[in-house]
Each structure stands twice: as C-alpha cells, then as structure tokens.
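Novice: Each chain is listed here by its residues.
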Amino acid sequence: MNEIDDTDLQLNHLSDDDRRTARHKTSRRVQDELEQRVNERRKRLSAIKTEMTGEFSDREHSEIELTLVKDELAADLKNMIRFHELSTRLLASTELQPLLEEVLEATIELLNADFGNIQLFDQESKALETTAHRGFKQDFLDHFSNVNEESAACGRAMRQGTRVIIEDVKSDPGFAPHRHIAASAGFRAVQSTPLFSRSGEVLGMISSHFRQPHCPSEHELRFIDLYAHLAAEFIERQRASDELSASETSFRRYFELGLIGMALTSPAKRFLEVNDELCRIFGYKREELLQKSWAELTHPDDLPDDAELFNRVITGEIDGYTLDKRWIRKDCQIINSIVSAKSVRRTNGSVDYIVKLVQDITERKRAEEKSQRNEMYLAEGQRLSHTASWAWNVSTGEVYWSPELFRICGLDADEVRPGYPDVLQYIHPEDRARVEQTFDDAVREEKEYELAYRVVLPNGTIRHVNNLAHPVFDDNGTVVEFVGTTIDTTERVQAEEQVRQAHERVDMLLDSIADNFFGLDKEGRFIYFNEHAAEQMRRLGRDPDALLGRVSWEEFPDMPNKEDVMRVLSDRVVIVDELYYAPLEEWVENHIYPSNDGGLVTFQRYITQRKRTEEELRKTQAELAHVSRVTTLGELTASIAHEVNQPLGAIVTNGQACLRLLASNNPDLKEVRQAVECMIADGIRASEVIQRIRRLLKKSRGGKSSYSINDNIREVLALTASELTKDRIKVRTELADDLPHVIADRVQIQQVVLNLVLNSKEAMSAARWQPRELLISTEHAESAILVIITDTGVGIAPENRERAFAPFFTSKEEGLGLGLSISRTIIESHGGRLWNKPNQAGQGTTFQFTLPIGEAP
Amino acid sequence: MTVARIPSEVVFVVDDDASMRDAISRLLNAVGLTVQTFASARAFLNRRLPDVPGCVVLDVRLPGLSGLDVQREMVERGIHIPVVFITGHGDIPMSVQAMKAGAVEFLTKPFRDQDLLDAVRSGIQLDRKEREERTELAELRDCVRHLTQREQEVMSLVVSGLLNKQIALQLGTSEKTIKIHRSQVMRKMRANSLAHLVRMSQKLGTTFH
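One line per chain: the protein sequences are S and G, in this order.
For the first sequence, numbering that gives the first Met the number 0 gives the first residue as 0, with consecutive numbering after it.
For the second sequence, numbering that gives the first Met the number 0 gives the first residue as 0, with consecutive numbering after it.
Bear in mind the hints are in silico, worked out from the structure with no lab data behind them.
Only a predicted model underlies this, so the values are computations on that prediction, with no experimental measurement involved.
Using N, Cα and C, we set each Cβ at its ideal position, and we do this for glycine too.
Be aware that a few hints might be false.
[To be verified] Partial list, derived from the structure: chain G residues whose beta carbon lies under 7 angstroms from chain S:
(1) D16
(2) R25
(3) P109
(4) D112
(5) L193
(6) H195
[Said to hold, decoys possible] Beyond 12 angstroms from chain S on every Cβ pair, some chain G residues (computed):
(7) I5
(8) D15
(9) R76
(10) L125
Put together the whole structure using the sequences plus the hints.
Specialist: Here it is as structure tokens:
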C-alpha cells in the first residue's frame, strides 16, 4: 500500500479551503480504498488457498489415480502379453474354430464377462450364426441361431455396423422381444462388437454378456477391438483359404475336364502340368510335353510377342495376358490358338507359376478367315454396288450397320452408334415423317417394307437411298429383328433425273416443231409420238397411248408409204416421199430416217397447202406462158398473115385464071390442069401453116414427149421465115445429127426457141449497118443437149445480161418483157439452164440453153 | 416467063413466092398479056427492060428491100413504070404511103382477078400515055433547042399573053422584029395557034424557063 500524498491527490494547486475539503474527502476515500484492497487481498488469499487445497487434493487424486493407472497398466500389460501370445500362436495355426474359441475365451476373461459368443455372418442367409459360445444353454442358442434383425444387440450392431452396448436389457426398449431369453440365460447386459473384413464388410460378431447391468470401459473395449480385429483376420484368412482350396478343387476339376488345353508353366517356361486336351492339341504325350518348354513349341514368328508379354508378367508389370499365337505340333502342322496366361504369385510378389489356357482355334480361324473373306467380299460388294445392310433387334433395340451404311450416311463408325429413332436425324427433313410412319407401321404389322428417301450427310450433301427391309421371325412366330438393305441410288437418281430432263428437252423440242414426229422400233412398232403426232392419231379416231408397242403397218394397213418404211428399216437409208393420205385428206411429206436403235424416226409435214399453191403456181405459169405465147404470136401476126395469105392468094388467082382459060373458045387445058395442081399444093401449104400456128396457140397441158430438139428448131424457123427474110437476116443452122432425144413439153420448148429467135431478130433489126446473121446450133454435151442461138445484133449491156431474165424487163416499146423470164422458167422446170453471153468475135449476143437427155420411152 | 418476040406491052411480076408468081402470071397470060416474072427486086431492077408500055406487079414484102424502097429506087433509076402493089396483109399506113408515092393500085391477097387485071390495064394505059407524053415532050424539047435565044424569050413572053407591042417594049426592040421572031417560033415549034403554043409551053413547064 502506497502512501497517498498530495501530489497524488493533486492538491497542490487548490486553495486552502478547497484543500481542506479535498483532503477531507480524500481521507474518506482513502479509507474506503484501503478497505477495498484488504478485501481483495483476502479474496485472493482464499482463492490461493482453495487452489492449493485443490492442488493438494488433486495431487492426492493423482496419486490415487497413478496407483490406479499403474494397476491398469499392469493389467493391460498382462492383457497385451496375452493378446500377443495368443495372436502369434493363433496366426500359425490354421483351424478357425479353435481360434475363435480362444479369442472368445480371452474376451470373456478380459471383460470379466459371464457369457459370450462369436457369430459368423453367413453369406447365403445374410444372417449371423453362432459359431462359438460360452455359458449358453441350448435355448439361447436356438433363439439366436439366426439373427438378422435389429432388436438384439448383435443384430443391431450388424445392421448399424458399429458396436452396440446394452447396459440393461430390461431397460432397453429395442431388446424387448428377447428379455425372456436374457432372463433365462441370466444376463442383464450385453455388448456386441462387429468383426470387419479388411474391406469393411461385416464378417461376424463377438458378444459378451453380463449377469449384472454393466457397461464395459473404454479401456476394455479397446482390447475387445483388438480381439475383434484378430478374430476378423482369422475369419478372413480362413475364408480365403477355403476359397483357395475350393477354387483349387474346381480348378483341378476344370483342368481335367479338358474343355480347353491347360498347362501350368514355370517361370522358366517349362510345362509343370498339362491336361489331356493340351496333349491332344499339341500332338504330344504327357511325358514328352513335361520335358519341354512352351517356347519350343511356339511358332517362331509369334515367339517375340509372346516372350515380351511373358517377361512383363515375370517383372510384375502385368499379371497376365491373352494373345493369338501359332504353335507347331509334333507332326509339324501349324495350329492357331488363343492363349490366356495368368500368373499365380507368392506373397512376395514373385511368380509361383503361370496358368495357361490354350484354345485351338485353327478350325475357327479358318472359318473366321473364310468368314472374313466373305465379309470382305460382302463389304466390297456392298461398296461397289453401293448397298449396305443393317439389322435392328426388336427386343434389345440393338442396331447393326454395315460399314458401307456408315459410308453412305457420311458417318464415322467409331463416333456414332445409330439406333432407331436417332437415325431419323440423318434423314432429310421432308422425308422424315414418311420414313417414321412406314417403319412404325412395318414394325407394328410385322411386315416388310420398301422406302425411298434422302439422307443428309454431315457436310450437307444429299444422297438418295432405297431401303428394303423385312422382319425375321423366330420359331414361335415372334419378330426377332428387322433386317434391311440400303442402296445408294444417288447416282442412279441423278442419272435418271438427267435422262428425264433430257427426255423433257427432247419432248419439248419435238412438240414445238410443227411436224408430226413418230418413232418406230426395229420391228416397226410405235415407240414414240410427239404431241402433234398424237393429235393426228386422235383425229383418225385412234388412241395414241394404246398404239404404243403396236406394229405400225398392222394398225394402219392402208398406209400409203408402207414400202418406204420397210425399206428404211431394212436398208437403213433415208427416204423422203410425198403422198396423199386419204383418211386425213391431206398431202403429206415424209422424211424417214433410220435411228441408232435399229428402228426409224419420221418427220411428217402436211403439204396440202403447199401442193395447192404449187398447183396454182403451175397453172398461173401455164397461163402466163400461154399469154406470152399469144403475145409472141401477136408479133408474128404480120408474118402469119403473110404466110397464110400467100398460098391462099395463089389459090384464088389460080382459080380465077382457070375460069378465064376455060371461058375462052379454045381453052388451054394443060394450063388449066397445072393451075389446079398448084391450087391443091397451095391449099395444103396454107393448112400446114395454120396447123403450126394452132399448135403454138394450144394451151400446153404440160404433156411431155420424147423428141429431138432439132424439130423444134426447124418448126420455129419455118414460122419465122418471112419475118427473118424481110429483115434480111441470114439464117444458118448447125444441127447435130443423131441428137439424143429430150423428154420435154414440145410446145413449151418451141415457145422458148421462138422467143429467142424473135429477140435475136429484134436485136439485129436495130443494127443498121451490120451483116445480119442468125446462127442456131445444137449439140450433145455430156448428159445434156445444148442449143446455141447466136445473133449479130446490138447486144445486151453487161449490167442487163442477168436482169434480162427478170419479169417485165424489156427494151422494146411494145411487149410485156415476159418472154425471157418465162423461157427460163420453162427450161429450168425441165431440169435445164438458160443463159446468155456476149459474142467474143464481133457484136451480138449468144443465148444458150441445156436440156437433160431423156430416156426414150 | 420470058417472051421471044417483042410484045406490045409487058407486065412485070415481082414476088418472092413462087406459087404466087406462077398464079399471077397464069392469070395475066389468060387475058393475053405478056408477063415477065422476077423473084426479087434486085433482079427486076438490074434487068434491061423491054421498051414497051407496061407495069409492074410488086409484092410489098420482098427479101431485102420493101416494095416502097423499090418504088423509090425505080424513080432514081429513071424507071417510070407504074406499080401495082400486092401484099399478103393489109397494112393501111403502107398502102397510103404507096399510093401517095404514085402507085396505081394496092391490092391485098387474095384479090379478085378482075381487080388485078383492071389495075394492070390501067397501069399499062398510064404507061402508054406517059410514054407518049414523054415522047412528045422530048420532041418539044428538041424543037426548043432549035430556037435562038431571042426566039425563046419571045416565046415565053408570047405565051404569057403579052401583045407584040408589049413584048417589043419589054425586050427593047420593035414590034415588027417581034413579029418575025414570033412566026419563027410558031414554025419551029410547029404550033398551029397561039393556044397550041401555050399548051406546048405548059408541057415544057419550068424546064423551059
């Protein structure tokens, strides 16, 4: 306790009174504080005292405890020793039952229990079964013979997987069903500790029972755990051992059964044990094999792989392997096998021996290869033919797709496992509903189906496929699976499309032309009509569709060009003909062509109009020619009159002379007779001239005859003789002898010659001071007759030489100017040519024309 | 047909048509006419014709020359024979032309024989007459040649109707001289009367003056 001084109170700066007050207060305060401090001290001291008392008692306690602990430790030690001894001893032994009994004993002793038991968990009944017990009577054992419910402690512990302690069975509600047994057995408390396998599985239960309500201590329970652990280990070991011997037994049985070649081999690759089957496979006797190592029998090509795997087993990298390998038998045959090898190791991990299973698959291999080949062929066949197969198992939903099917759909077999209805996603959206519907119907009705649809590949391309599927039934008539074939018809569809389009184009083309187009095959059957041809058939009252495939000349026996059609079919020539087809009342022009397929095609055109026009034209031309002739004749009027009047005049004068002679007294009769003879001659002459004129004037009906052109020349010269002499034109002729005949219209050709001669005359009349000479010659030139008419007239200007043949071209004041145009038409219609050229020597023009030589009828 | 003796008249027939020639010749012979035939105009024109009255029957259409050309050429050659044209066709313009050029007749075949004969006769007559006239004219001319210059002058004045007195005055000589000349003229011209002399001088025409 410190002195309280002023400085503490900080009284220095106060006034005296204040100081006084303050001091008063202060001293009161000081007193209070002192009291407080003392109290505190007192408290502290008492606390310390308490502490010390506590410590002291603690120390006492500790000492007591220490003693207790010592005792405990001693007990523990003893228990531990016992435990250790037990476990060591027991580990060496192999019988489980005695082991469990000893463990039980130990635990009872440990816990100071009155009774106890060990139960094992039975795998089959899934219940605990008592295997060892102490102190229980039969009724207890019967009651708890098979526990798998939770009311009893053990059951509970098993279910919960933890230890269960029931301190007082009477007060434990769950235990109620068993109280009477407990009472009968004489226990009031129980503990059940589960025995766990290394994997945590409940193997059994160890229980201890107490007459009095009791709960074991933690300490005790720890030991129980140890024993439980030990017991569990024993159980496991036993189990393993049992399993091992069981498997060994079955192994042995299996070994001898001979389903498969089996051998036990050493790490040195030697045969330790072989079964009969292996001997049979290798063709060796048992004794022989046991002398050998399997490496010796291995096919040299397969040995490296086998050895490598074997080494890995030896090193512990792997425990076993399977491989295909070939062996060489005693008889040197090579066999295929599958070998499975598994090592059996010792506890230290080294290989004790190796079990080998050898399956002779030679036959199977061959079959496999064949099957593989077949599959390959099939796959190849599928690939080449763009077909693919699939199968869908109805019950499992499993789907098989052949490789080609993946390819068709553009899918990777590794990535996709298509099944129904996933597969729908690969189908073109527009076809999906239909495909789905068809498939569902087929499945429901168990019928086969055929579907054509499109698939869309992942890259977007579209393929056409044709799917054919049928159900497969088992013996009971139930559908097992659907099996189908899918054909990639893309190319075919595309080709068909192209063909269809090409056909369409051809059809369009053929329909657009105005002709009728027919196609016949090599038997003369109709294979095609274009629209116009079909129309024609309908006009005739026939159905074009019904006519397809029928022979044309059988359907139309009065077909006018039947022979032509047959000739085209047989001789493969092109024929163009014109004929009148009465049923249609039309003139028809046919172009018939042989076609590549051995048949023919015909283009047919109605030419009635054309024919009419041609006829009209011919008529008009004839009229025109006639008009021209008449006009030409008009030019000859003077000379005609002269020609006629000459003989007529002579006749009259002679007659009159006769009369006068006869009137005289002594008529000179001789003179009279002469006169009369002259008259007759002149009369004939006159009529000849008339005839000539009439012939010229006659309207030519186009009748052709065979005659010599020289006749025409002479006739014309006779007609024009007086005209020509009047104009002082000297006429010279050089007409070939034995000139071949022409087949021509005599009147028309005469008209031509007349026209040319008159033109020449005109030309020469206009030339005043030239010698006027007309030369007409005929000659045989190759396959034609050539007529040349040369004059010495004024000639034709070069620009007019061709124009001269144009209609209405004339240099005369009178005249239509049709002469040359009509002449040319006439000559050309006879198959000849008419032209002019200037004379090389001197003045004038030469006109020439040719006519083809006609065969004399 | 040529005739041996000299006929009193002759008809020339020119036609290229033989039968026509023959027929016409026959006809004319039948009436006693002498005929000479020619096939062409050229033949006819080149021939020395007998100097007797005659005419020519000429076909208008002849090779080479037309009838009209022949007519013209005859004139040029001083052949004054009358022409009778015959033709095979009636060509009016030609006929008109022919007639204007002095043809006697233009007949179209077949013609009536009488027509031809009449035409021929009148042609011959015409030719005779013309011959006579020509002869007469030749004689007159001959007479005139014998006249002196003065006599010719006097003659022309006398026939113009002037009195001697007037003529003398005009010529500058006396009346009596004129009278002398006058009588000489009368004598040489063999005129009977003044009227006769006038006729003569008319015949002489312009050739006289």
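Novice: Determine for every hint whether it applies to the structure shown.
Specialist: Okay, the hints, checked on the actual structure:
1. D16: holds, 5 angstroms
2. R25: Holds: closest Cβ of chain S sits about 4 angstroms from R25 (chain G), inside 7 angstroms.
3. P109: At about 4 angstroms, which falls below the 7 angstroms cut-off, the nearest Cβ of chain S leaves the hint on P109 (chain G) intact, so it holds.
4. D112: Where the cut-off is 7 angstroms and the nearest Cβ of chain S is about 3 angstroms from D112 (chain G), the hint holds.
5. L193: With a minimum Cβ separation of about 50 angstroms from chain S (threshold 7 angstroms), the hint on L193 (chain G) is violated.
6. H195: violated, 44 angstroms
7. I5: holds, 22 angstroms
8. D15: The claim is violated: D15 (chain G) sits with its nearest Cβ about 8 angstroms from chain S, within 12 angstroms.
9. R76: holds, 21 angstroms
10. L125: holds, 22 angstroms
Checked against the numbered hints given earlier, the structure breaks hints 5, 6, 8 and satisfies all the rest.
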